Amino acid sequence: MSIELLIQAALNGFGLAVVYILVALGLTLIFSILDIINFAHGEFYMLGGFVTYYAFAVFGVNYFMTLVLAVLVVGAAGVLAERVVFRHLRGKTLNAFIVSLGLLWVLQASAQLSFGVLDKSVPSAVSGIVRVFGLIMSRERLVVIVTASALMAALYVFLKFARTGQAMRAVAQDPDAAALQGVNIEAVLALGFGVGCALAGAAGALLAPVFAVSPTMGALPVVKAFIIIIVGGMGSLPGAVLGGLLLGAVEGIGTLFMTSAAVNMLGFLIVIAILLVRPRGLFGVA
Amino acid sequence: MSRRPGLSPALGFGLLAVAGVAVPVLTRDSYYLDVATAMLMNLVLTLSLRFEMSTGQLNMAHISFMGIGAYASALLVTRAGWSFWASLVAAPLVAALVAVPVGRIALRVSGPYYFLITFAFLEVLRLFFNNSFVDYLGGPSGLVEIPRPHPLPLSGGAIAFTGKLPQYWLMYALFLVAAAVLIRLEYSRFGLVASAIRQRDLLAETLGVDVIRYKLGVFVLGSFFAGVAGVFFAHSHQVLHSSDFGLEPMVLLVVFTVIGGAQSVWGPVVGTLVLSVTSELLRELHHYEILVYGAVLMVVMLVFPEGLVSLPGRITRALDRRRGSKARAVGARVAP
Amino acid sequence: MITRRSTAILVVLTFALAVVGTGPAPAAEKTLAIGLLGPLSGGAASYGVELQRGAEMRSDEINKAGGLKVGGDVYKIKLVAYDHKAQAADAATATNKLVFQDKVKYIIGNAVGATCNAAQTITEPNKVMFGFVCWGTANLAPEKPYSFRSMLSQWELAEPFYRWVKENHPKVKRVAVISPNDTSGKDTNTAVVKALKGLAFEVTADEYYERGTKDFYPVLTKLLAQKPDMIDVAAAPAGEAGLILKQAMELGFKGAKGWTAGTNPFTIVGVAGREAAEGVWSPANINVKSEHVSGAVRKFGEGYEKRYGEVPGVIAVANYAAFDVFTQAMQRAGSVETDRVLEVLTKERFETVWGPLVIGGKETYGIDRQFLYPLVISEVRGGEIVDLAQVLPAALKKK
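Chains as they are written, first to last, in our numbering: chain Y, 1 to 286; chain F, 1 to 336; chain W, 1 to 399.
Next up, chain Y with everything else stripped away, as it sits in the complex:
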């Protein structure tokens, strides 16, 4: 087992973790601002993939424009979902969970009915591979990593410095205090949901050329996102990043030594081990 192999394996893991982190960030953002566990989150990821399929593969729109389009469309869908549906479920986490489940089925079934059940591939925007010190990375994946990282950085800047972003953090911490300070709570909640969904949509758009698009493509990423936030801590953004990197490392390197089924189990056992020590996750907010 050479060092090179180990690093390649770790690289493989990270490459994908970056995208799952985007999904997890969206999920945890929605939880921190709205207190909702959105089970339909994977469907917004799928929506992003679909927008990419139609815009890029079918209509030939430039790939980066497509990404922007995906982010906007899915973000808008998120805002719509909040305004129409989730607004009525404030404070009722259990009910919101059931409703998000219903939404999941509605979105997935609609996708199947309009799109068909089979996978459809999306051509790669870039092709070829890059070799650095004997390590291999496809150009396509490199683009994914770079873009995802850029989005994460943008999110950070937005939350830290933009007025709306700061308002979101205020609402996440203490909605009543934020309201007293003149924050428009309704707008922040709707936008918060929208941004969370937009992140998932971006992830779906980024991975569409890599993995092909299908109505059920959101199922796996959302489970991974859940694992990431369980480990990182619900509502914690740095926790999501760290949790994602950890998951990526375990999966990438684990597969070298054991079967994929065992790797999955290992992943969960590590999750439980972490929860034994820190029941709210690594950075869980009390």
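Since the hints were made in silico from the structure, they are not lab data.
Under 8 Å between C-beta atoms, here's a sample of chain Y residues computed to sit facing chain W:
#	residue
1	L5
2	Q8
3	A9
4	G13
5	I129
6	I136
7	S138
8	F211
9	L220
10	E251
11	T255
Taking lysine to any residue pairs in the SDA-like style, the calculated list, with each CA pair at most 20 Å apart, reads:
#	chain 1	residue 1	chain 2	residue 2
12	F	K164	W	P125
13	Y	K92	F	V109
14	W	K105	F	S30
15	F	K164	W	T121
Not close to chain W: a few residues of chain F, all C-beta gaps over 10 Å, as computed:
#	residue
16	L76
17	W82
18	A86
19	L97
20	V109
21	L176
22	V193
23	L216
24	V296
Everything numeric in this text was worked out from a predicted model, so none of it was measured. A virtual CB, placed ideally from N, CA and C, is assigned to each residue, including glycine.
The hints should help you fit chains F and W onto chain Y, whose structure is shown.
Just chains F and W now, with coordinates in the frame of chain Y:
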């Protein structure tokens, strides 16, 4: 605090018992008996899930304990040569035993964290059933050739369980026991304490309640009943697969319970029955089935935040309001 | 407030509704209801959809020609299909519905091993004829006389396939095999590995991945470290097989590629891209457009493409042929009773879209329930499927 309104437990239980007897009288059709048997099994699962929820915790691993009961029983009967009837008692105990350490770990947190940690357990156990001890548990192919319940010897012959009807009666009996226990507990001092815990952990503690003990007790007992359902499932289906105890079926249990109304012990009854029927009716729609089902879920949850079981109450309240407006107008002229 | 009276009424009503709410059983006219199970959605949907379409094509043909004439009766065929999403529990529920509510005596079409296990616990005791393409070895057995496999499985394909590889591409010595982690996958790998070892190949990997995986970099990194000459994506369905090959190419793999269970190579080209799909060998598929197939197959392919907008894979053809075989057997037996049809099936030859077809397989399964027909080894060249050789499975040679 006034006596809780609602169906008197004896009456409610009696109604269920009678309805259960009515089914095989109304129909001998294999298919309907099957549907009714499945509903009774789901009722045991949702009643026990709701029992756990009465202390305020949504246990996403509930179905895993059903799985433990199922696999344990299958192994006891096929590998250790036990009789089904002995296994019916032992296997749920195995589930309850496993529930102790799992509950201890999970109950250190509450709310969404409890949800997430039990979700993690659900997945771990599903993966375990799918990939570990393949020779014993069947692995991805599943565990096959589990025998039907062994004939029950009674004076003057034995009852065999090869047909749908005896299986129905067996599940009915199990349901009666489970329902009797769970409904009784709900309406006893135990139920009051659980309700207090759900509303205010800390307050209950100051009143001298050992909250952790209670929650753990509830968790273990709920898991025991899940195990009972699992034993029946194993020997009536005769094939077990890890996907039978995964996220999808668990989610359905939650839906049945919450849509019915998690506040009341009758909620799961209404939810399970209504949604099982709905899903049967919708099956005709094929591709549209899931779409409509999802839409129904959303609408019901938005219109009935307390669950369907609150429907009769809301209707009577609405009627009262109309009658009451006259009374209020009269009363207003009478000075206090 | 929940009053006693109102809740009581609600509970009783719902229970009563529950029992009768499922509707009456369909009246028994001269309609022959034939069931179909499949993963009609989810990762394995390509199998289920093809099964359904193949069956539809044949049943529509029969109905348009005036119905199925059996004995003195004429039956209109009604196809009843349910989606089990590749979940064993759903398969059991769906089979229950087919057998007890829709009262079918024939289920023609199912895929995914574990669901076949679940369905068989109901079909066998109820003497329901069950034709499927599931690749689980245990799905065919002497204790399961009513179960048939209508498509060549890994046990019939692996040996002739690798014999062909050995004879025509002697440079290939080290083979890595990868399949999904479930019954079909495990049984396929077992058969392939056995064939490989029997032919003196070296097996560098006998690997599994979870169904639904899209990222194969980790497992491929491990696989490629052993430097195989050939990768066989064995039982992977089209979408996943395509991804494996695409990602293998990205990681620098330049060797030979095989797809033992490859049932629709057109899809693999779509997912993997032309370059990665170039050169994939498969013994299990069929190019309905090539000159090597019979006119009947080509005609079927044209009709299918016209109706569904997609080119059919081998599973569609197989189920079309299966439907044909079972209905022919009913006609020869002069009855739709499964026991009498069973007698005909085990004794006779049938003319189908494949050409002559025989039911055998006793050496492998202990009972003759495997449909046997000539197989074609093909290669993907320039995005097209080119047929290279026609081979007879060992069991067919004897008959």
